[in-house]
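S.K.: Using the hints, position chain B against chain A.
2 protein chains.
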Amino acid sequence: MSTSQKGNLYLIPTTLGDSPPLEVLPLMAKKAVEHIDHYIAEHEKNARRFIKSIVPKKSQPNLHIQLINKFTEPTDIPNMLQPCHEGFDVGVLSDAGCPGIADPGASVVAQAHIQGVKVVPLVGPSSILLGMMASGFNGQNFAFNGYLPIDKKERKHAIKRLEKRSGDEDQSQAFIETPYRNNQMLESLVQTLHPDTRICVACDITLPTEDIKTLTASQWKQKKTDLNKRPALFIIQK
Amino acid sequence: MSTSQKGNLYLIPTTLGDSPPLEVLPLMAKKAVEHIDHYIAEHEKNARRFIKSIVPKKSQPNLHIQLINKFTEPTDIPNMLQPCHEGFDVGVLSDAGCPGIADPGASVVAQAHIQGVKVVPLVGPSSILLGMMASGFNGQNFAFNGYLPIDKKERKHAIKRLEKRSGDEDQSQAFIETPYRNNQMLESLVQTLHPDTRICVACDITLPTEDIKTLTASQWKQKKTDLNKRPALFIIQK
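These protein sequence lines are chains A and B, in that order.
First residue of the first sequence: 819, per the numbering used here; consecutive thereafter.
First residue of the second sequence: 819, per the numbering used here; consecutive thereafter.
What the hints contain is simulated information worked out from the structure, not anything from laboratory work.
Hints may be right or wrong, so weigh each one.
When chains are identical, the list treats them as one kind, so a pair holds in a single copy or across two.
[What the hints assert, rightly or not] The calculated EDC-like cross-link candidates involving lysine to aspartate or glutamate, where the alpha carbons are at most 16 Å apart (straight line), are:
1. Lys936 - Asp1022
2. Lys936 - Glu1028
3. Lys1031 - Glu862
4. Lys1042 - Asp855
5. Lys936 - Asp1029
So that you can see chain A by itself, here it is in the shape it has in the complex:
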């Protein structure tokens, strides 16, 4: 690409665990990594490991990796797109899954629109989307709510609010939890929700241990399930 033309910002999804990358990523992701040397990522080590896994022959010393994470100052974001203005394509990598969805990449994407840099999202695994597909719930109307409050009383209140909205608006409500607190989350759900409200638990998505089940709150209550430290998405529908 000539330096007279702006580079694009490619949003390159990564695997959700140790899957072979091309089992869950299309050729466009491989082609993007083949030609891109400038990256914005959460952790340099994870970015290099992913790039090596999808294009083993890629020269690692030639990679330029800028970091975006909770320590990044908002004022640092605009400069991260400098390579685009010099004609280089830039790739955004998430630690797991799709950049811009529940990860810090969204702020650099917002900057790209302000600076007139073309944004190109590539297909890849998203636990939110795969969980919604597999839930059997209303895919015509759903919300992803990120994390719920940790405080027990506030959490109970949030669960009740989401249950009500799922019924009133026929809008399925998805959320996540830190994996080591997943069992407590399922416990809170079965204790708080109406026994007939359906809960989808989508666990280890795209991994060999993948397990996705939709049951009523009362059915989950009778079931022994260990979700501890397994990445999971929860979705409810009254």
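M.R.: Just chain B now, with coordinates in the frame of chain A:
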């Protein structure tokens, strides 16, 4: 697979237009089509065309295709999973994109959970997810609302309600429109929303003509854009 074991229900995404399938679909989708002969699809012709495009050598006469669409009676759905109970894997195909998301496939997935059939969602292009990634909006909290009302007054009311929620809850609000009404939708948005509210229009996603832009309502007002008959996702964030 032996007939003593249940088959799985694979949710197999398709392309969003005439892209070469492996540019946007991972190997797992190809492998699923290679080994599956039983399908549930919206239109038989589209299903056969997709299967041929991703596995050209697949025998077409051996395919068993059941249809699910607006003419399907809810009472017909449970029997569609009969092949799973006979030990055959079954694939669900959407006309475009991901089964179960804004298409009739969700009802057969719900049945699978009731009948204890394992549901396996595969990675593929979703305009909702790709649009959210590329919008630069808050990917930690978003809702997909399907279609808005067609009636002008009701639509205006719905737009105002979604704008308010996007601000009050910091939840980006996505929706779609029938492609031949896209220009009217953008017109309604710029007339109804606060001038500073941001609108992302994600158009022709994954196609060579892909165009994704996030601008304020007042910036869109000054811009000449023709979205007529181009598939588009709209997302707003106050």
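S.K.: Would you list, in rising numerical order, the hints stated earlier that this structure does not obey?
M.R.: Of the numbered hints given earlier, those the structure breaks are 3 and 4, listed in rising order.
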